[in-house]
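Residue numbers (my numbering), protein chains in the order written: chain A, 1 to 277; chain B, 1 to 277; chain C, 1 to 277; chain D, 1 to 277.
Please note that a few of the clues may not be correct.
The list treats identical chains as interchangeable, and a pair is accepted whether it falls inside one copy or across any two copies.
[Claimed, not checked] Straight-line C-alpha distance at most 25 Å; calculated DMTMM-like pairs for lysine to aspartate or glutamate:
id, residue 1, residue 2
1, Lys79, Glu238
2, Lys2, Asp39
3, Lys26, Asp9
4, Lys89, Asp248
5, Lys80, Asp39
6, Lys147, Glu137
7, Lys240, Glu77
8, Lys259, Glu218
9, Lys147, Asp122
10, Lys89, Asp172
11, Lys79, Asp264
12, Lys147, Asp158
13, Lys121, Asp109
14, Lys121, Glu105
15, Lys146, Glu90
Rather than coming from a laboratory, the hints here were simulated on the basis of the structure.
Number of protein chains: 4
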Amino acid sequence: MKTHILLIDCRDEAGIVYKVTGVLYKHECNIISNDEFVDKTTNHFFMRTEFSGDINKDEMLAGLRAALSSASISLVERKKKNIVIMATKEHHCVGDLILRHHYGELDADIRAVISNHAVLKDLAENFSIPFRFISHEGLERGEHEKKIIEEISNHSPDYIILAKYMRILSGDFVRHFPNRIINIHHSFLPAFIGANPYQQAHDRGVKVIGATAHFVTENLDEGPIIAQDVIPVNHRLEVKDMVQAGKDVEKKTLSGALKLALEDRIFVINNRTVIFN
Amino acid sequence: MKTHILLIDCRDEAGIVYKVTGVLYKHECNIISNDEFVDKTTNHFFMRTEFSGDINKDEMLAGLRAALSSASISLVERKKKNIVIMATKEHHCVGDLILRHHYGELDADIRAVISNHAVLKDLAENFSIPFRFISHEGLERGEHEKKIIEEISNHSPDYIILAKYMRILSGDFVRHFPNRIINIHHSFLPAFIGANPYQQAHDRGVKVIGATAHFVTENLDEGPIIAQDVIPVNHRLEVKDMVQAGKDVEKKTLSGALKLALEDRIFVINNRTVIFN
Amino acid sequence: MKTHILLIDCRDEAGIVYKVTGVLYKHECNIISNDEFVDKTTNHFFMRTEFSGDINKDEMLAGLRAALSSASISLVERKKKNIVIMATKEHHCVGDLILRHHYGELDADIRAVISNHAVLKDLAENFSIPFRFISHEGLERGEHEKKIIEEISNHSPDYIILAKYMRILSGDFVRHFPNRIINIHHSFLPAFIGANPYQQAHDRGVKVIGATAHFVTENLDEGPIIAQDVIPVNHRLEVKDMVQAGKDVEKKTLSGALKLALEDRIFVINNRTVIFN
Amino acid sequence: MKTHILLIDCRDEAGIVYKVTGVLYKHECNIISNDEFVDKTTNHFFMRTEFSGDINKDEMLAGLRAALSSASISLVERKKKNIVIMATKEHHCVGDLILRHHYGELDADIRAVISNHAVLKDLAENFSIPFRFISHEGLERGEHEKKIIEEISNHSPDYIILAKYMRILSGDFVRHFPNRIINIHHSFLPAFIGANPYQQAHDRGVKVIGATAHFVTENLDEGPIIAQDVIPVNHRLEVKDMVQAGKDVEKKTLSGALKLALEDRIFVINNRTVIFN
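Input sequences plus hints: build the corresponding full structure.
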């Protein structure tokens with residue numbers, strides 16, 4: 001029997017859970033887990049239901065739509081998703097994902113690693129993952145992004161993972177993949193605006209270094225946050241050591257965020273996430 | 001309008017959520033939050049629903065019982081609970097709870113602090129909390145516990161908090177208050193069995209010290225775990241410093257566990273907890 | 001026998017430790033702990049030595065000054081320091097410090113709690129700590145600060161703890177107490193600039209909330225960081241719950257930072273700290 | 001100019017630092033960092049000094065030995081160390097170390113991966129690291145260990161890393177490499193003794209899972225602790241998910257512990273570590 005995941009996102013009103021579970025009951029599903037959340041500030045309702053059963057998907061969707069006329073409804077089979085990784089030169093996040101993938105710990109197929117540099121080619125190919133070197137040299141940003149979008153399109157990925165892709169993406173690019181691009185970047189407590197944040201963090205003697213994984217929106221690093229974590233540091237760390245500490249926490253945070261995405265546990269409302277885990 | 005919390009705990013089967021939410025829908029409740037969990041290892045279903053509405057409680061309970069004949073069902077109004085604190089001489093957990101209580105941050109009335117020593121009397125009475133000194137001197141354990149049970153009975157507490165109560169409780173005592181006694185104790189990674197665990201932990205150079213808050217069962221420190229946390233330490237800490245670090249993490253862990261209990265977020269199954277937070 | 005703490009801060013050069021320990025050896029001290037650090041970016045040397053012994057302090061200082069002609073040298077007896085707490089209305093940090101003080105866990109005498117509101121009077125006086133209500137109503141900032149400085153001067157505090165003192169201090173005020181004012185404030189990952197940061201943090205769905213304890217400089221919240229910590233949060237927390245979580249982490253972080261200061265473990269270089277712990 | 005690390009470990013007495021730094025001063029060294037610690041419970045002195053300079057190593061050692069007649073003194077050049085990894089089937093720790101090594105982030109040469117199974121062969125060889133499959137099938141433990149010791153001897157490793165090597169090592173084996181074998185294993189709060197600790201941890205509803213990296217002594221998992229860390233879990237994790245969480249924290253903890261060893265930052269006293277970081 002297959003497992004499906006039902007995601008519902010709508011304005012809150014009385015009886016939603018009753019109506020939804022009524023449809024599921026009629027289809028004789030076996031509910032594995034069920035999460036709901038009502039966001040009071042927006043009066044919005046979120047529901048994630050994982051169930052097994054031999055359903056007629058079209059009929060179930062029709063039943064759900066009849067019951068909840070204005071809801072956003074998604075019904076997907078639980079199976080491996082496809083992802084494409086974009087990277088530049090840094091190996092730490094890419095390598096971690098590739099190893100998890102290689103040993104069956106990532107519920108996804110890495111369809112390709114796309115990079116604007118060639119340095120990670122061996123890493124990908126050692127584990128039989130296609131590597132696409134798409135240099136930005138001599139190209140306008142739009143031209144470069146067009147090539148990347150073409151390559152991505154070949155793989156129909158569910159998610160695009162920016163595993164330290166160091167070029168700024170245009171609004172056009174981002175709009176192609178709404179809430180499907182996940183980025184990781186270092187974060188500080190407090191933030192240090194401007195160039196060389198690790199130097200700034202060092203110069204103020206920060207005691208923790210963090211990382212934030214988030215969906216990419218047109219405002220780049222300001223999209224909805226999926227996961228955050230920190231690592232302690234002290235005055236003995238030079239800037240380069242803080243950079244290394246930052247890599248360690250980025251790697252951990254990105255793989256955690258990706259797991260949530262692959263299990264369809266994330267809703268986005270405005271610039272926030274609702275995460276059932 | 002009042003807020004109620006409905007807790008359902010039963011063998012899993014198809015349609016439970018549908019049936020329960022059907023009853024709620026009929027009573028025109030407004031669901032604030034809804035959590036369910038199916039434990040696969042025991043095939044057990046847990047549901048916590050917080051809702052507002054002007055309900056007839058008896059009718060709703062009758063409806064729920066008709067729908068789910070063999071479930072354990074609890075329907076309580078969300079309001080301040082009553083707690084009794086038991087302590088010995090250490091102030092850190094008692095003081096933290098008393099301050100939170102005094103400033104309205106604890107969703108409970110501390111009805112009394114009961115201690116087998118007098119040292120915490122001023123702390124309680126400074127904040128107008130009744131302090132009951134029930135010495136164990138010259139008493140058999142059974143006699144001592146009988147006096148404590150009498151005092152507790154005067155307050156009909158929802159929970160009894162062992163905020164560093166350093167005497168072993170008998171099975172008889174524990175059976176009076178099933179899943180209603182919360183204890184806090186230091187924990188180590190790994191555990192150090194026997195006398196003077198802080199000395200043992202020091203002598204092995206542990207790098208973290210932890211605390212565990214749990215329900216008390218007849219197996220004492222082995223009841224279902226509610227919350228755990230750790231604090232980093234190093235070789236510079238002498239045993240007394242590790243004890244102080246342990247106090248800091250105990251205080252934080254106990255108040256976190258109590259919050260979960262006061263909001264009716266904890267189910268117990270066998271020797272485990274299912275916590276919706 | 002008394003314990004002393006020697007702090008040396010100077011430009012790095014060969015032989016400093018040899019020269020310093022030579023003086024200590026001549027005075028027949030028993031070194032309890034010794035920490036040094038050379039900051040490569042500034043070529044600066046820091047040393048903290050804790051020792052016991054029956055020394056002639058003036059002679060030792062003369063010996064040290066002869067050996068290290070251009071160093072900043074501090075030699076203080078290890079004993080309880082005096083602190084003054086400044087607060088406004090929030091109790092969490094003040095209460096935590098007062099309880100630690102009351103039970104002998106704080107290596108300091110709280111000489112007074114000064115507040116521009118009266119609400120914390122009972123808390124202080126319940127534990128026999130002088131409370132000074134110095135209202136800012138009807139006063140220019142300079143006049144208000146003058147009154148506070150007068151009150152502080154009565155107590156000759158080693159440190160002034162801003163335990164949620166919610167008024168901005170002038171550069172004049174800060175210059176009275178260089179590297180002696182410790183402040184605590186919430187911190188986010190990333191920072192949210194402007195009004196109502198908890199609302200902003202909520203609206204972006206942050207997953208951790210942090211706190212930063214730091215020395216106050218004329219740039220207010222941008223002084224050298226002493227301690228930082230974080231607490232995990234999720235979408236279920238409303239803004240008010242995030243505020244409460246922020247209080248819990250502020251309380252823990254401030255008491256940790258104060259402990260470092262009271263033990264003379266902190267050096268400041270430029271806008272950074274070097275902390276031996 | 002070369003960098004050296006001097007490690008001194010002796011009974012505490014007056015003047016040690018003075019005598020040691022006197023020798024360094026005479027040799028015109030430039031001290032990079034200097035850490036000392038006196039353990040009061042054993043009256044033991046530890047010192048780690050990192051310095052640069054064009055020294056005559058034999059002369060310096062002779063000078064130090066003359067000054068401190070009964071100390072344990074080690075003077076090593078700071079350079080890449082050699083390590084041998086022992087593993088069984090699990091990839092998470094081995095893979096993490098191999099990637100760090102491959103990208104120059106590990107201050108060591110991995111001379112070989114030795115395993116009693118063949119499954120990690122590709123992982124090692126993809127990154128040009130020799131893989132030695134030494135099956136235990138049909139061999140007495142002593143015979144198997146003899147083969148491993150022979151292989152290890154070919155590489156003269158500074159440290160042997162048990163990256164989830166799942167066979168129990170004999171006292172004989174351990175005595176070959178005192179304080180040079182580093183092991184990683186899961187740890188719980190509290191510990192669960194006996195078979196299947198993850199099942200036991202699950203069945204008690206633990207809220208954190210930890211890992212401990214330690215030197216291997218004849219008491220196996222009870223040697224001096226180098227590093228520990230934890231990761232939060234909840235009731236939604238099945239046993240297999242807890243195992244995965246345990247892998248993630250093991251990986252992070254082992255690489256942290258190894259870094260400390262490679263930088264000569266660890267002393268062992270009795271069953272404890274003193275770590276300068």
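Okay, the hints, checked on the actual structure:
1. Taking the shortest alpha-carbon separations for Lys79 and Glu238, only the inter-copy value of 19 Å comes in at or below 25 Å, while the best intra-copy value is 44 Å.
2. Within a single copy, Lys2 and Asp39 get their C-alpha atoms only as close as 31 Å, which misses the 25 Å cut-off; across copies the closest is 19 Å, which meets it.
3. Taking the shortest Cα distances, Lys26 and Asp9 sit within 25 Å of each other both inside one copy (21 Å) and across copies (23 Å).
4. In this assembly of identical chains, Lys89 and Asp248 lie within 25 Å of each other by CA distance both inside one copy and across copies; the values are 16 Å within and 24 Å between.
5. Taking CA atoms no more than 25 Å apart as the test, Lys80 paired with Asp39 passes between copies only; the shortest distance there is 24 Å, against 30 Å inside one copy.
6. Proximity of Lys147 to Glu137 under the C-alpha cut-off of 25 Å is restricted to the intra-copy arrangement: shortest distance 13 Å within a copy versus 54 Å between copies.
7. When the C-alpha separation of Lys240 and Glu77 is checked against a cutoff of 25 Å, the pair qualifies only between copies, where the shortest distance is 22 Å, while the shortest distance within a copy is 45 Å.
8. In this assembly of identical chains, the alpha carbons of Lys259 and Glu218 lie at most 25 Å apart only when taken from the same copy (23 Å versus 39 Å across copies).
9. For the identical chains of this complex, Lys147 and Asp122 are intra-copy neighbours only, at 22 Å inside a copy versus 33 Å across copies, given an alpha-carbon limit of 25 Å.
10. In the homo-oligomer, the alpha carbons of Lys89 and Asp172 lie at most 25 Å apart inside one protomer (24 Å), although the nearest pairing across protomers, at 46 Å, exceeds that limit.
11. Taking CA atoms no more than 25 Å apart as the test, Lys79 paired with Asp264 passes inside one copy only; the shortest distance there is 11 Å, against 35 Å between copies.
12. Taking identical chains as interchangeable, the C-alpha atoms of Lys147 and Asp158 lie at most 25 Å apart only when both belong to the same chain, with a minimum of 19 Å there against 49 Å between chains.
13. With identical chains, the CA atoms of Lys121 and Asp109 are at most 25 Å apart both within one copy (18 Å) and between copies (23 Å).
14. Taking CA atoms no more than 25 Å apart as the test, Lys121 paired with Glu105 passes in both settings, with 22 Å inside one copy and 19 Å between copies.
15. Proximity of Lys146 to Glu90 under the C-alpha cut-off of 25 Å is restricted to the intra-copy arrangement: shortest distance 23 Å within a copy versus 41 Å between copies.
In summary, this structure violates none of the numbered hints.
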